[in-house]
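Going down the list, the sequences are from chains A and B. Residue 252 in our numbering sits at position 252 of the first sequence, with consecutive numbering throughout. Residue 170 in our numbering sits at position 170 of the second sequence, with consecutive numbering throughout.
There may be inaccurate statements among the hints.
[What the hints assert, rightly or not] Within a straight-line C-alpha distance of at most 20 Å, the following computed DMTMM-like cross-link-like pairs (lysine to aspartate or glutamate) qualify:
#1 A:Lys43 - A:Asp237
#2 A:Lys132 - B:Glu195
#3 A:Lys132 - A:Glu94
#4 A:Lys135 - B:Asp201
Hints listed in this document are in silico derivations from the structure and should not be mistaken for laboratory results.
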Amino acid sequence: MQLKKAREIDETTHTGRPKIRQVTQGHRFDVELVRVTKSYNAKSKAVDDISLRIPRSSYCCLLGPSGCGKSTTLRMLAGHEEVTDGAILIQDTEITTLPPVDRGTSMMFQDYALFPHLSALDNVAFSLKVRKVSKAERDRQAREYLELVQMDHLANRLPNELSGGQQQRVALARSLITRPKVLLLDEPLSALDPFLRTRMRAELKRIQKELGITFVHVTHSQEEAMALSDIMVVMNDAKIMQAGPAREVFETPANAFVARFIGGHNVLMSEGREVSVRADACRIGAMPGMRGASGTVTMVEYKGPFVQVSMTSDTGDDLTATMTDAEYFAAAPQIGDTVAVSWDPKAEHVLS
Amino acid sequence: MRVPPRVASWLQVAPMALVFTTMVLIPLGIITVVSFLDYDFARVFPEIYLGSWTDALTSPLTLSLYLTVFKFLLITLAITFVVGFWLAYFLVFHVESTGWRMGLLAAAAIPFWTPGPIRMVSWVPLLGKEGLVNKALMNAGITEAPLDWLLYSEFSVILAYCNLLTLAMLGPITHSMAKIPRSLIQAAQDAGAREWQIVRDVVLPLCKPGIAIGAIFIITAVLGDFFMIKIMSGGQINTPANAIATELAAFQYPPAAAKSVMLLVIVVVLITGLLRVVDIRKELQR
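Take these sequences, add in the hints, and give me the full structure.
And the structure:
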């Protein structure tokens with residue numbers, strides 16, 4: 001089985017990339033959305049004319065506030081929601097109107113959606129059972145996928161005898177056993193505690209790299225999206241605001257919404273233009289040759305290696321400066337102090 | 001005034017405990033005692049007499065009465081389960097608007113709107129020898145003579161039970177089914193399951209508690225019924241409950257009491273057995 005080989009190779013290729021992939025090669029994009037619209041009635045659109053191409057074997061995060069259309073987009077990809085207008089392609093094949101099972105997608109649900117009356121093993125083997133695979137064979141394969149998610153030791157437990165994180169691993173194995181071209185994850189980490197969330201995040205990335213398939217992951221956490229994404233898609237108000245590698249999105253946000261939503265940026269007016277300036281490019285204190293503003297400190301948050309100082313500028317904008325703890329404690333402004341903030345004009349990024 | 005929590009708990013259970021004790025436990029104690037007493041045509045004597053029990057336990061009539069009622073019970077359970085499950089599935093998974101779903105569920109309760117006797121009487125012009133069904137069948141040339149088993153027969157008894165009791169199955173099954181998260185169905189679809197496979201492998205197992213609760217309603221209703229069977233069979237078919245009613249009418253309290261206790265024990269055994277197979281606590285929580 002290819003999966004097995006992929007695992008063996010992964011163990012020997014800490015430096016290189018695994019050479020054996022689950023998917024066939026030859027196409028450029030795993031997912032293409034072509035002018036996709038979803039409307040429930042004439043007035044409101046849940047998704048409004050979005051187009052997106054996700055390159056082969058990418059980790060793609062759909063990021064946005066609640067109600068922005070990211071989950072609807074995911075459900076349309078899965079085939080759980082009808083597309084009002086536009087087309088969806090998976091590996092160069094149009095699947096816009098196909099039923100879920102014929103799309104080559106598999107969904108991992110937010111509530112995991114494990115069958116409560118079936119053991120972990122039977123949950124994972126379910127798709128093989130409905131395809132009439134023999135019991136011995138489907139149990140063998142299911143065990144292999146449980147091993148992939150490190151759950152083989154709890155194969156006979158019922159879902160309610162497993163912790164949230166364990167249920168999630170079983171749900172992941174159940175989604176992967178259908179050998180999808182694209183795995184869809186609907187806010188998979190939101191129900192986990194912060195510690196587990198970070199661990200599971202690494203696990204998801206590992207499995208995606210190992211299998212070489214595309215993951216489309218819906219989240220409202222920019223931190224999660226930045227940590228995972230090869231391609232990050234920021235959505236707001238039924239539209240895509242910006243799509244690109246996480247670094248590109250962070251360094252050159254397309255507009256004020258993106259700059260504010262992904263955080264770590266100040267959005268302000270400079271010489272009549274709207275610009276974003278990274279919070280870690282701002283310094284407390286006036287400096288020659290720098291652009292600046294003055295404001296009142298509203299909050300000081302000590303974060304260990306760095307300190308985050310929030311201010312309200314004289315023009316009423318919110319400003320944040322992130323500095324190393326050494327820099328902060330050199331002056332140590334307190335809440336209520338009036339301070340000057342300055343930044344290099346080159347750090348300004350013009351927003352559209 | 002503040003009531004300590006312990007006292008408050010006792011106060012909360014008190015009304016139900018009072019009703020249960022006075023209306024159920026005490027009468028049950030009394031009939032159990034009465035079943036061991038001697039009697040003649042008009043009175044009960046305070047003397048121990050085991051005849052009521054030996055009669056009830058050894059008479060071949062008892063066996064035949066129970067065989068009759070279990071036949072009705074099994075047929076009614078089978079039909080109400082099939083119809084109830086089918087309707088519930090339609091209501092929960094195929095009716096999209098919640099308003100329509102509630103409306104249709106309420107419509108299923110229409111048989112309860114009319115009093116029993118009226119409903120029974122109203123079936124005479126439909127199912128009787130000169131009734132609409134027979135006339136239609138003869139006019140269509142399907143039958144030569146009127147069918148006499150449409151009314152006052154086992155058929156009409158089962159028809160009446162199913163008409164009335166399907167709701168008892170439909171309600172709990174709908175409740176169980178409505179609680180199945182949609183994502184479970186979608187996950188099954190993703191896995192490639194066809195609709196009948198989803199029904200068999202996901203919906204049916206998760207409805208077991210609802211089916212069990214419906215079955216409990218129907219077991220108690222059918223085993224305890226003496227009215228509908230009397231009307232719908234035209235007094236031709238007897239069941240244990242019917243026999244008890246006949247003896248009560250003849251003031252033969254001790255044998256009636258013995259048979260009542262026996263019937264109660266059988267009902268309790270059946271329900272206990274059912275609850276051992278299906279865990280209905282799942283249905284009661286949340």
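A quick look at each hint next to the structure:
Between Lys43 of chain A and Asp237 of chain A, the direct Cα distance comes to roughly 14 Å. Compliance with the 20 Å bound is thereby established for this hinted pair. Restraint check: the Cα-Cα separation between Lys132 of chain A and Glu195 of chain B comes to about 15 Å, which is no more than 20 Å; the hinted pair holds. A threshold of 20 Å between alpha carbons decides the hint, and for Lys132 of chain A with Glu94 of chain A the separation of about 28 Å lies outside it, so the pair is violated. Pair hint Lys135 of chain A plus Asp201 of chain B holds up; C-alpha atoms about 15 Å apart against a cutoff of 20 Å.
The structure fails to meet hint 3 from the earlier list, while all remaining hints are met.
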